[in-house]
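With the hints as extra help, turn the sequences into a complete structure.
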Amino acid sequence: FVKWWKERYPAHQVAKSNPILQRLRSIKEQHELELMQQACNITEKGFRRLLGFVKPGVMEYEIEAELLHEFVRNRSKGFAYGPIIASGKNANVLHYVENNQPCNAGDLILLDVAAEYANYSSDLSRTIPVSGRYSERQKEVYNAVLRVKKEATKMLVPGTLWKQYHIEVGKIMTFELLGLGLIDKADVQNENPDWPAYKKYFMHGTSHHLGLDTHDYGLLAEPMKANMVFTVEPGIYIQQEGFGIRLEDNVVVQESGEPFNLMRNIPIEVEEIESLMNG
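Going by the working numbering, the sequence shown opens with residue 813, and the numbers climb by one from there.
Be aware that one or more of the hints could be misleading.
Taking CB as the label site, the calculated pair distances span [to be verified]:
no.	residue 1	residue 2	range
1	S1068	L833	39 to 49 Å
2	I839	N912	37 to 47 Å
3	P1035	M871	26 to 36 Å
4	N912	G890	15 to 25 Å
5	Q1051	E1083	19 to 29 Å
These aren't lab readings, by the way, just hints derived from the structure by calculation. Note that the structure is a prediction, hence the values are computed from the model and not measured. For each residue, glycine too, the CB sits at the ideal point set by N, CA and C.
Next up, the structure:
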């Protein structure tokens, strides 16, 4: 098409629209934020429904069906992306989509599931216990992930550089993995700078742009600006222990102060999840 256009209209210049679209989609207008908040609110309803539904023996696809029901009855068209409902060792497959295994007593279920609304995406991750209570080890790892998430969130402010943000999150994750006994000081001292020791257990990025697409098209080479919307999703995946934990919220960068959490009302603390599952 470009070749045809240049031949037919040689006096006119042709330029890529990518830079314009990238800038437009990076920074959200107020009405866009309102639609994204609604998507997150619908996601919350689906997640709360699950906390009263999950029990040993339930199939992963039954959980998927419960979520879809709740999303659609609240005027969503459905999932914002292919749902991940990964019980037990399946959580160590980052983009597990089969959703066809039973959920066994004592296991965790990693849920990466969220609703769309009016073409805007939300993106939630939670990890819940099939039996309604976390083991001490599961709780220990869970709270380590939660601490990383909380510290990472604080860094999503105007002026933060994308690359430096991920470096700093890596340092926080390294500290937590040392505390869990998953890596030791020798691992850190001898690590490959291009693949730090922490990446054995946390091998994906911490954040991405969110908007019309779940992995939205946005600026990464410039400092963060107000009204950009990011996910915050650290995880720890321990194949030798048969489980993985990821926690994820969606936040809006503010002009000043910490970002605004669009998923602030969705249960995330161990005690609240256990209480709701056993209420």
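Hints, verified against the model:
In this structure, S1068 and L833 break the distance hint of 39 to 49 Å, their C-beta atoms being roughly 28 Å apart. For the hinted restraint 37 to 47 Å between I839 and N912, the CB-CB distance of approximately 40 Å keeps it satisfied. With their beta carbons about 46 Å apart, P1035 and M871 fall outside the hinted range of 26 to 36 Å. At roughly 19 Å, the beta-carbon separation of N912 and G890 lies within the given 15 to 25 Å, and the hint holds.
For Q1051 paired with E1083, a C-beta distance near 28 Å keeps the hint of 19 to 29 Å intact.
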